Amino acid sequence: MTVTAAAHDGGIPAPAPGTAPQQVTMSGAINRALRDAMTADTDVVVFGEDVGTLGGVFRVTDGIARDFGPDRCFDTPLAEAGIVGFAVGMAMAGFRPVIEMQFDAFAFPAFEQIASHVAKMRNRTQGRVNLPIVIRIPFAGGIGGVEHHCDSSEAYYAHTPGLKVVTPATVEDAYTLLREAINDPDPVIFMEPKRLYWSKGSLPEDASPDAQIASSFGRAAVRREGIDVTLVAYGPSVDVAMQAASAAMGSGWSVEVVDLRTLVPFDDQTVVASVRKTGRCVVVHEAQGFAGVGAEIAARVQERAFHSLHAPVLRVAGLDIPYPPPKLEHLHLPGVERVLDAIARLQWDDQADALHLPESSPACDSPASDSKGGAA
Amino acid sequence: MSDRSSGTGVHRAGVFARAPAQAPAGGAHTLEADALTTDTSTPLPQTVPSPPADRPFARGLVPAPMPVQFLDDQGHRVQVFNDDYPEPAAEQLVAAYSAMVVGRRFDVQATALAKQGRLAVYPAARGQEACQVGSMLTLSKDDWAFPTYRDSMALVARGLDPVEVLTSPHGAAHCGYDPRANRTAPQATPLATQLIHAVGFASGEQRQGRPTVAMAFVGDGGTSEGDFHEALNFAAVFNAPVVFLVQNNTYAISTPLTRQTAAPSLGYKGIGYGIASEQVDGNDAMAVLAVLNKAVAHARAGQGPVLVEAHTYRLDAHTNADDATRYRSSAEVEDWIRRDPITRLEAWLRQEGLIDDAFVAATAQKAEAFAADLRARMSVDLVVDPMSLFDNVFGTPTPQLLEQRAMVQAELEAEEASR
Ligand SMILES: Cc1ncc(C[n+]2csc(CCOP(=O)(O)OP(=O)(O)O)c2C)c(N)n1
Ligand SMILES: [Mg+2]
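Residue numbers (numbering that gives the first Met the number 0), protein chains in the order written: chain H, 0 to 375; chain D, 0 to 418.
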């Protein structure tokens, strides 16, 4: 199959050689990654709800059906399990489906297909059938969305062996991580932070169908270097962490920010190296905290860097509530203030963090006082 | 009170004004279905690929009011809504007979292996031979099957190695056979979930320009799952070359059909999706072959998916772990033994002079040899490499999996050393 010239330059045209990379939105970068992947490999197909003529409710697939034709990008019946299961079959027939779930919570009907089939097919067939499927999921909040439109479900996927879970925080990563996801022989849950769709940045300089995509899966990025405390974040929370890091300078804290980029595979090395250096760690994410990805990260850090820690690893996460209404979402979402409050609790100058000590006992948790205090 | 006496779901056809139960014999299309598919006054924008306006299956979309039959319980040739279906060729019928005899012997042997503890579980298909074998004999070697846990006999009929077919219940974490080499997806246990894979696969093959048909298997209980609906709908919308075979054996474990549906027949479920549908006597191998031959040809010709409900019965319990006496009577089982698919076809083939005593004896011998070989090969404990646990989670294991692998390996080595 040949691809028309129009396919190369719909949406975002490639910059003329020698010019500075132009600013694009994250949704534009994803669109460009889809186009470049589709141009590079005719087995790449895009389908889902309203992704064809409309270009998706977030316009991420804008113009792709027009430029690549309805065989390469098409609308499906409105059924998420069906879309995922159809992708399983298409992959078995030799395609590389990139499918869209319209909103995070609307991927839940597909969970059965994802957990029982997408994640397990390689294992169930001794590696004879692998599924190069990318499931794109617009996720998280901060856009004033109504119920069912702002969920963060990464923990479900990260908890499922066989799935890679990826979430970009920058425009450049949106492009490269998606290209890498499409090239990957295994299924990838690609979580797109909705509130970053309109954020601007530049594409990688060599963005093109035949760009050599260096691997960033399992490689966290240090977005900002610091020496006092490590903030670990991903997706929409990286921006919050960066702002908090700037604000923390006012209090004299030098903050390092680690952007995980992929939750699976997880980059223990970069995270642990950073915490060994700083001695303090706060994990920031938007999803509800209980049994969340942050819990996993906190556990891993204390398992691996306990002797470097000057304070407990803290989490700043969403509240353990169903996603709140727009007017209250600021109370739910981790913000700069909450991150700074967490940093303030990190036992600076050997000041114990008293937050969780029993009220009756003094702000001291030495074993001696415990035994004297009896049953606290 | 058993569900069977509650009366729900018994022949609803005719309750509503235009129920299609009185479809004229001889293949005349039903008015409603035709009206739906031939109204082109307001053409809609075409989706790709577009389903043809005309779906020339037996009766348009509507299944026969009674299961299509060629042979009655005694193996006499009858005319029951079968005008539209050419009688299968003699060679296909003889092949079906042999495969059913071998298939049943395999199935009985597998049940015995489960009772001896050689298999963790075995869902028997004894009694369903006409469906298990008939389905596979209608596929060409490049077609694909998307079977369930119930369809081990079908895979054996397809020519898969029985030891490979039984590898999972024998104790492996995988399906045992190479799906690509055998053109057979792993047997699915989550009900109805693999039907949509068949649809995506068939549509993908069609898009790649290959004439592959996918046959997708489901039980009566599985038709209640949402994935059944989604699969049929996607298949129709994308005009995918899929044949859905519902083996209605009247129970989902203990739950009777009346708790699954109030439809006059499961075959009717295709109509609403725009899928050509049929119901067939699933214990009449000639009828199963005739209907599925046509269904496969229909799908292969690009005329769209077909839904076939085959009325059958599992003579054994749901699995070796199930006690079927808790929900069904021995009289009911006896009644179905009288409709045995093998004796029925054998009677007709003998009548026609297509097989004789010598052939029957030779076939029985072949089946015994098959079972003996299976017994011998299954008497060896399956060797499972502990390290294989980590091999196929991902193409390249994550660092975390490598750590866990090293831990398990060290544990095993320590255990080995302390012996
Ligand atoms: C999604 C799902 N729910 C429940 C089960 C447990 N289960 C296994 S077999 C079965 C009965 C299925 O009946 P039917 O579809 O009629 O097929 P049959 O076993 O009769 O061949 C049930 C409930 C399952 N395997 N998958
Ligand atoms: Mg059943």
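Hints in this document: simulated from the structure, not taken from any laboratory. Just so we're clear, the structure is a prediction, and the values are computed from it rather than from any experiment. One should not assume that every hint holds.
Claimed, not checked - Covered stretches of chain D (chain H as the covering partner; in silico rule of three or more C-beta atoms under 8 Å from a C-beta of chain H):
{"no.": "1", "stretch": "168 to 174"}
{"no.": "2", "stretch": "181 to 192"}
{"no.": "3", "stretch": "196 to 206"}
{"no.": "4", "stretch": "395 to 408"}
Stated by the list, open to error - Which stretches of chain H does chain D cover? Using the computed rule of at least three CB atoms under 8 Å from a CB of chain D, they are:
{"no.": "5", "stretch": "67 to 80"}
{"no.": "6", "stretch": "151 to 165"}
{"no.": "7", "stretch": "276 to 285"}
Unchecked claim - Listed below are several chain H residues computed to face chain D (Cβ distance under 8 Å; list not exhaustive):
{"no.": "8", "residue": "102"}
{"no.": "9", "residue": "127"}
{"no.": "10", "residue": "129"}
{"no.": "11", "residue": "184"}
{"no.": "12", "residue": "185"}
{"no.": "13", "residue": "217"}
{"no.": "14", "residue": "221"}
{"no.": "15", "residue": "264"}
{"no.": "16", "residue": "305"}
Glycine included, each C-beta is placed from N, C-alpha and C at the ideal position.
Violations among the numbered hints = 7, 8, 14 and 16
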